[in-house]
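Enquirer: Dock chain B against the given chain A, drawing on the hints supplied.
Protein chains: 2
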Amino acid sequence: MNKEQLFENIKRKKSFLCVGLDTDIQKIPEHLLNEEDPIFAFNKAIIDATADLCIAYKPNLAFYESMGVKGWVSFEKTVKYIKENYPDQFIIADAKRGDIGNTSAMYARTFFQELDIDSVTVAPYMGEDSVTPFLTYEGKWVILLALTSNKGSHDFQLMKDEAGEQLFEKVLRKSQEWGDDQQMMYVVGATQGKAFEGIRQIVPNHFLLVPGVGAQGGSLEEVCKYGMNSTCGLIVNSSRGIIYVDKTEKFAEAARNAAKEVQAQMAEQLKVIL
Amino acid sequence: MNKEQLFENIKRKKSFLCVGLDTDIQKIPEHLLNEEDPIFAFNKAIIDATADLCIAYKPNLAFYESMGVKGWVSFEKTVKYIKENYPDQFIIADAKRGDIGNTSAMYARTFFQELDIDSVTVAPYMGEDSVTPFLTYEGKWVILLALTSNKGSHDFQLMKDEAGEQLFEKVLRKSQEWGDDQQMMYVVGATQGKAFEGIRQIVPNHFLLVPGVGAQGGSLEEVCKYGMNSTCGLIVNSSRGIIYVDKTEKFAEAARNAAKEVQAQMAEQLKVIL
Numbered sequence: 001m002n003k004e005q006l007f008e009n010i011k012r013k014k015s016f017l018c019v020g021l022d023t024d025i026q027k028i029p030e031h032l033l034n035e036e037d038p039i040f041a042f043n044k045a046i047i048d049a050t051a052d053l054c055i056a057y058k059p060n061l062a063f064y065e066s067m068g069v070k071g072w073v074s075f076e077k078t079v080k081y082i083k084e085n086y087p088d089q090f091i092i093a094d095a096k097r098g099d100i101g102n103t104s105a106m107y108a109r110t111f112f113q114e115l116d117i118d119s120v121t122v123a124p125y126m127g128e129d130s131v132t133p134f135l136t137y138e139g140k141w142v143i144l145l146a147l148t149s150n151k152g153s154h155d156f157q158l159m160k161d162e163a164g165e166q167l168f169e170k171v172l173r174k175s176q177e178w179g180d181d182q183q184m185m186y187v188v189g190a191t192q193g194k195a196f197e198g199i200r201q202i203v204p205n206h207f208l209l210v211p212g213v214g215a216q217g218g219s220l221e222e223v224c225k226y227g228m229n230s231t232c233g234l235i236v237n238s239s240r241g242i243i244y245v246d247k248t249e250k251f252a253e254a255a256r257n258a259a260k261e262v263q264a265q266m267a268e269q270l271k272v273i274l
Numbered sequence: 001m002n003k004e005q006l007f008e009n010i011k012r013k014k015s016f017l018c019v020g021l022d023t024d025i026q027k028i029p030e031h032l033l034n035e036e037d038p039i040f041a042f043n044k045a046i047i048d049a050t051a052d053l054c055i056a057y058k059p060n061l062a063f064y065e066s067m068g069v070k071g072w073v074s075f076e077k078t079v080k081y082i083k084e085n086y087p088d089q090f091i092i093a094d095a096k097r098g099d100i101g102n103t104s105a106m107y108a109r110t111f112f113q114e115l116d117i118d119s120v121t122v123a124p125y126m127g128e129d130s131v132t133p134f135l136t137y138e139g140k141w142v143i144l145l146a147l148t149s150n151k152g153s154h155d156f157q158l159m160k161d162e163a164g165e166q167l168f169e170k171v172l173r174k175s176q177e178w179g180d181d182q183q184m185m186y187v188v189g190a191t192q193g194k195a196f197e198g199i200r201q202i203v204p205n206h207f208l209l210v211p212g213v214g215a216q217g218g219s220l221e222e223v224c225k226y227g228m229n230s231t232c233g234l235i236v237n238s239s240r241g242i243i244y245v246d247k248t249e250k251f252a253e254a255a256r257n258a259a260k261e262v263q264a265q266m267a268e269q270l271k272v273i274l
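Respectively, the protein sequence lines represent chains A and B. For the record, in the first sequence the residue sitting at position 228 is 228 according to our numbering, with numbers rising by one throughout. For the record, in the second sequence the residue sitting at position 109 is 109 according to our numbering, with numbers rising by one throughout.
Copies of the same chain are indistinguishable here, so a pair counts whether it falls within one copy or spans any two.
In silico EDC-like pairs for lysine to aspartate or glutamate, Cα to Cα no more than 16 Å straight-line:
| # | residue 1 | residue 2 |
| --- | --- | --- |
| 1 | Lys151 | Glu128 |
| 2 | Lys13 | Asp52 |
| 3 | Lys151 | Asp129 |
| 4 | Lys3 | Glu138 |
| 5 | Lys77 | Asp116 |
| 6 | Lys13 | Glu268 |
Keep in mind that the hints were calculated from the coordinates and are not lab data.
Okay, chain A solo, but in the shape it has when bound:
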């Protein structure tokens, strides 16, 4: 999927919501545990209930890997289900991978070639040759960690060099030598508020993947105020705030209502640019 198609979807659905499929066997409704594949059954219900309200799904690999082989089966089934039934959805493998060149190339092959997923999150610590193998696939995206939503983001990402440039700013600037806004996005946490203003000076045209709205306490309004650009430029993720609002047999309906609420707020914010 290219940037134009993504923006078309956002305009059509009046939404830039990404639903995070952080599916944890210990948190899904009990009645699903009787299913042959409870994780997939949960995901399928959530997807069917929310697909017209969001433009992306983001399964976090950790949750699937924690189930071992069974988890990988559920993950692959989920990806396949989205692709077959909702081909307009942008799929993000939240994997935060990053390794030396030949190893990153293996990860790229897995996510882009084997699974045909649209994008993968990548950690920048190991530099250029850990990122560029992901950039050789036409129509596929690297979403590079820049300024994350967690408390630990302060430990290293805000480090300033002798010229006053912070590590996350260096990541934003340097990585533009490796790929452009048709193949790279950046993770910027919603909890970072005003930092979006400075970030838009370095990457005015890139899409940003924004976790941290909802359970982690970020404000959608603030993110839009400082982060939105003329093609929206935002994919805002919510995981726990949508998929776990209800644990009864009505969980999917409740997820739909939660997604609908966020989508309505997004439609409001989009009026500024549409």
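Expert: Just chain B now, with coordinates in the frame of chain A:
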């Protein structure tokens, strides 16, 4: 496994070699492709041929994930085989994970609880709460990326702050607030040569996992000269330089010979401290 046991194994085997199981279906001997699980068949043969010459095995997850579900099966079988047949081996899941707290906790559960692996490599970019969930398991280890062996290590890891401290030095220093040398190690690439001298001033007692000897061009002699401490403090990894030296039916014998050569060099270096 604790630090004392690891050093005991090093003394007994006169080796601090880790064999990297970067097993790629496209690179293993052709005759194995007839096996039911070629990846496991390869690993089993390599392990049986090298176990008395090394003290650790390091499967890199990328190579298994690239095979999807089948790959995870091979990975789990490999771990189980090592644990059952060579329980003195230190197993490193080279995964380079790192995510927000609740997600890192899922990864920790996977590797330490489900798979009972000794250690996992973790990327430091997201800071404290992405690392500490891995530190709550008794006898298990975090191996944190510090100064890696690849060219891209120069992009961010060498960034200097206003006081002249480099990012990788900050990682070494700051992370000591999270865990001690009984639960943390650091990745330092063999290609970094003299940098070991400065690193030993910050982490005199920690074990270092050292990739980059062999195919990547690092020198074992230099690593030992600047990096060895009184309990060795080094686990030196070789992957391609051992597992892929021969592609005929004699591949395991060839791997053994390659490992033997490295082990003999290591025995020589260990004379300094034993």
